[in-house]
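A.B. asks: So you can see what is in the structure, the chains are spelled out below.
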Amino acid sequence: MMSDTIFSPTLIAACFLAGAGMYLLLVGRRTVAIWLGAVLVSLALTLLWLEFATAIDWWKQVTPNSAAASPLFIFPGLGAIVTAGMTVTAQKASKSAVWFLAMLCCTAALYAIHDAQFLAVGTLLILGGGSGTLMLLVAQRAEAVGSDSESTIASEPLLVCICGCLLAVVLIGTFHRSLAATSIRDTEQMRATVERWHARAETSAGHRPIDSDQPRNVQAGRSMLGDHPVAVVILAVLLLVAIISGTLLARNSAGQTPI
Amino acid sequence: MNPLHDYHLLNSSLLIGAVLFVVGAVGLAARRNLIVMFFSAAIMLQAVSISLCAFSSFHGDWTGRTAGWIVLAITAVFGILVAAVGVRLVERLRTLDISRWSELESPSPLGKQTESSATVEAEHD
Numbered sequence: 115m116m117s118d119t120i121f122s123p124t125l126i127a128a129c130f131l132a133g134a135g136m137y138l139l140l141v142g143r144r145t146v147a148i149w150l151g152a153v154l155v156s157l158a159l160t161l162l163w164l165e166f167a168t169a170i171d172w173w174k175q176v177t178p179n180s181a182a183a184s185p186l187f188i189f190p191g192l193g194a195i196v197t198a199g200m201t202v203t204a205q206k207a208s209k210s211a212v213w214f215l216a217m218l219c220c221t222a223a224l225y226a227i228h229d230a231q232f233l234a235v236g237t238l239l240i241l242g243g244g245s246g247t248l249m250l251l252v253a254q255r256a257e258a259v260g261s262d263s264e265s266t267i268a269s270e271p272l273l274v275c276i277c278g279c280l281l282a283v284v285l286i287g288t289f290h291r292s293l294a295a296t297s298i299r300d301t302e303q304m305r306a307t308v309e310r311w312h313a314r315a316e317t318s319a320g321h322r323p324i325d326s327d328q329p330r331n332v333q334a335g336r337s338m339l340g341d342h343p344v345a346v347v348i349l350a351v352l353l354l355v356a357i358i359s360g361t362l363l364a365r366n367s368a369g370q371t372p373i
Numbered sequence: 018m019n020p021l022h023d024y025h026l027l028n029s030s031l032l033i034g035a036v037l038f039v040v041g042a043v044g045l046a047a048r049r050n051l052i053v054m055f056f057s058a059a060i061m062l063q064a065v066s067i068s069l070c071a072f073s074s075f076h077g078d079w080t081g082r083t084a085g086w087i088v089l090a091i092t093a094v095f096g097i098l099v100a101a102v103g104v105r106l107v108e109r110l111r112t113l114d115i116s117r118w119s120e121l122e123s124p125s126p127l128g129k130q131t132e133s134s135a136t137v138e139a140e141h142d
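These protein sequence lines map, in sequence, to chains A and B. Numbering-wise (my numbering), the first sequence opens with residue 115 and increments by one. Numbering-wise (my numbering), the second sequence opens with residue 18 and increments by one.
Don't take every hint at face value.
Claimed, not checked - With beta-carbon atoms standing in for the labels, derived distance ranges:
(1) A/309 with B/117: 20 to 30 Å
(2) B/117 with A/270: 15 to 25 Å
(3) A/305 with B/119: 36 to 46 Å
(4) A/272 with B/118: 15 to 25 Å
(5) B/117 with A/314: 44 to 54 Å
(6) B/120 with A/340: 47 to 57 Å
(7) A/336 with B/120: 42 to 52 Å
(8) A/306 with B/116: 39 to 49 Å
(9) B/120 with A/145: 26 to 36 Å
As the list claims (entries may be wrong) - These stretches of chain A come out as covered by chain B in the derived footprint (C-beta under 8 Å, 3 or more residues):
(10) 214-223
(11) 244-252
(12) 282-289
Said to hold, decoys possible - Here chain A is said to cover these stretches of chain B; the calculated rule only asks that three of the stretch's residues, wherever they fall, bring their Cβ under 8 Å from a Cβ of chain A:
(13) 25-36
(14) 39-48
(15) 53-67
(16) 85-94
(17) 109-120
Treat the hints as calculated values from the structure; they're not laboratory data. Computed from a prediction, not measured in an experiment: that's the story for all the values here. The beta-carbon is built from N, C-alpha and C at its ideal position, and this holds for glycine as well.
Turn these sequences into a full structure, and let the hints guide you.
C.D. replies: Written out as structure tokens, the structure is:
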């Protein structure tokens, strides 16, 4: 049942179950601990789903054809959360890199659902094909020279998980409260509120509406180079500096012998 | 189009973004492996990017998507530097543990080994 406070008991229970599961997945060395952690995280996700079930049922009634109710949205959304958790808790960096690439595929699907195909392709090419694969190679190189994975946990993983639980309670609880406060049961009132938000956005400065007649990449280029040229120039300089400094950092100079 | 469809999509995306952000924050604070720390930070940036895209889609303009591109480029810059530091850590110290960062010093101009690297080498022997 939706409540109008951040401190919903179900939500708090879900966050702390997820925290306990993450702790077991992070520090667990035995199979039993890892499976117990996975069960706790699954239970937390189920509780989270039940907490938002009232809103989801209402959404399904008023928006039966909504994209957010279809498997096209649910599978990438759930997949992104699960693969992100596996990325963070994987014991070996190379396994983490593989899960990260899977997470990028899920987020790319989410971008495509939001009509941002250009960003989806960019994520797969730049982050997946560039950074992700580069990290995979570095991780495999580290494992080839005998790098250990035992010392990869912080000294206070329990404290980190508790802080993560509190952050989740605040973030998701605030979102939960705003959902409850928008009087979502009154369909007509909600529709009027959403249309008022759209009208306010259209009159704001810097608004560039989506033109369905033009290709998306043309519109993306106009938005970047026409509306935000300074940001693009700063990013280009940053990338250039990063490439040069990265080359200098990685260079194996003659005076350095491996330890 | 029914405006409530967009509202439904916005809410679901913000929820996913919040969960992803928390998972990334926990990973960034809990792990000491350089590569996994980079992945955790990238997950947090992806969460921000998904939220920006959701707002952009909801309001029907391009600003959020452009901000998503900027976030993507910042992640790429971060990735280049992390990969370079990772290669250096592996080649010099045979590890990806960020807590041994302080042992990674620049070479002296004369090409001699620094004091700390010589100490580590002596301990290794």
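A.B. asks: Against each hint, give a clear statement of whether it holds in the structure.
C.D. replies: Verification of the hints:
no., hint, verdict
1, A/309 with B/117: 20 to 30 Å, "violated, 57 Å"
2, B/117 with A/270: 15 to 25 Å, "holds, 18 Å"
3, A/305 with B/119: 36 to 46 Å, "violated, 59 Å"
4, A/272 with B/118: 15 to 25 Å, "holds, 24 Å"
5, B/117 with A/314: 44 to 54 Å, "holds, 52 Å"
6, B/120 with A/340: 47 to 57 Å, "holds, 48 Å"
7, A/336 with B/120: 42 to 52 Å, "holds, 49 Å"
8, A/306 with B/116: 39 to 49 Å, "violated, 56 Å"
9, B/120 with A/145: 26 to 36 Å, "holds, 35 Å"
10, 214-223, "holds (count 4)"
11, 244-252, "holds (count 5)"
12, 282-289, "holds (count 4)"
13, 25-36, "holds (count 10)"
14, 39-48, "holds (count 9)"
15, 53-67, "holds (count 9)"
16, 85-94, "holds (count 9)"
17, 109-120, "holds (count 7)"
Comparing the model with each numbered hint stated earlier shows that hints 1, 3 and 8 do not hold.
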